[in-house]
Amino acid sequence: SQQGEEDPQALSIQEGENATMNCSYKTSINNLQWYRQNSGRGLVHLILIRSNEREKHSGRLRVTLDTSKKSSSLLITASRAADTASYFCATDPGGTYKYIFGTGTRLKVLA
Amino acid sequence: NAGVTQTPKFQVLKTGQSMTLQCAQDMNHNSMYWYRQDPGMGLRLIYYSASEGTTDKGEVPNGYNVSRLNKREFSLRLESAAPSQTSVYFCASSSQGRTEAFFGQGTRLTVV
Numbered sequence: 001s002q003q004g005e006e007d008p009q010a011l012s013i014q015e016g017e018n019a020t021m022n023c024s025y026k027t028s029i030n031n032l033q034w035y036r037q038n039s040g041r042g043l044v045h046l047i048l049i050r051s052n053e054r055e056k057h058s059g060r061l062r063v064t065l066d067t068s069k070k071s072s073s074l075l076i077t078a079s080r081a082a083d084t085a086s087y088f089c090a091t092d093p094g095g096t097y098k099y100i101f102g103t104g105t106r107l108k109v110l111a
Numbered sequence: 112n113a114g115v116t117q118t119p120k121f122q123v124l125k126t127g128q129s130m131t132l133q134c135a136q137d138m139n140h141n142s143m144y145w146y147r148q149d150p151g152m153g154l155r156l157i158y159y160s161a162s163e164g165t166t167d168k169g170e171v172p173n174g175y176n177v178s179r180l181n182k183r184e185f186s187l188r189l190e191s192a193a194p195s196q197t198s199v200y201f202c203a204s205s206s207q208g209r210t211e212a213f214f215g216q217g218t219r220l221t222v223v
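Taken in order, these protein sequences are the chains called A and B.
Under the numbering used here, the first residue of the first sequence carries the number 1, and numbering increases by one thereafter.
Under the numbering used here, the first residue of the second sequence carries the number 112, and numbering increases by one thereafter.
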C-alpha cells in the first residue's frame, strides 16, 4: 500500500478561487514535499516542509503539516487555468533516502 | 543544463523480451530513483540508489533489476517483459535523498 493518500482525488474550481488538497501518511517522516505534474510530463517540485515546521509559504502556495495527525494540506490561492495539473505529496518514511508518493489530486481550474 | 535525461521516450516490447531503460543526471546528485506510474495509482518506487555503489528495493521491485553504473547513471532492466509492466517509467535524482527530487520526462513502455 502507498504511504500517502491525497484527498480529494479530483477537484474542479473556477479561476480565482482557492484550491485545497490534503495528504495523509502512515509512518514518521523527516520531511514532506508537494509536486505538480502536468499531463504526461515529469513531476516538478513545488515545496518542501520539514517535520519540525508547521506552515510554509511560497508565492501562492501555503503548506501545513500536522505530524500528530500525520497529515498535510496544500492551499493554492487565486487559482489560474495554468494551475490545472495533478498534485502529489511525497514523504520519506522513517527518514529514509527514498520518496514515497501518494495517489494524487487532479485539479482542474476553469477559466 | 539537461537535468535528468531518460532514454528511450517510447518503447513497445513483446512479452518475454528484455530491455534497459537508461537514466543520466548532470547535477552531481548522490541519490537516484526509478518509479512507475499507472493510471489511478500515483507513482510507485521500484528501486532507488542512495549513493553511488548502493541500490535498494522500493515498493514494487519484482521483475526489475537496476545498475548504478556511476554517479551520473542509473539504469533499469526488464529481463522478461510482461504486459503488467506496461506503464510510464520515471527516473529522478536528488542531492542527498532528503531534498527536492528532479524528474526526467518519462519513458512510455507498452508490452504486448
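Hints listed in this document are in silico derivations from the structure and should not be mistaken for laboratory results.
A couple of the hints might just be wrong.
[Unchecked claim] Here are the simulated distance ranges between beta carbons:
#	chain 1	residue 1	chain 2	residue 2	range
1	B	Lys125	A	Ser51	14 to 24 Å
2	B	Lys125	A	Arg54	48 to 58 Å
3	B	Glu163	A	Ala78	37 to 47 Å
4	A	Arg60	B	Pro150	26 to 36 Å
5	B	Thr126	A	Ser58	20 to 30 Å
6	B	Ala113	A	Lys69	34 to 44 Å
7	A	Ser24	B	Glu190	32 to 42 Å
[To be verified] Mimicking DSSO-like on lysine-lysine, the simulated pairs with C-alpha atoms at most 30 Å apart in a straight line are:
#	chain 1	residue 1	chain 2	residue 2
8	A	Lys69	A	Lys56
9	A	Lys69	B	Lys168
10	B	Lys120	A	Lys108
11	B	Lys120	A	Lys70
Here a beta-carbon is modelled for each residue, glycine too, at the ideal position from N, C-alpha and C.
Could you tell me which of the hints above the structure violates, numbers in ascending order? Structure breaks hints 1, 5 and 11.
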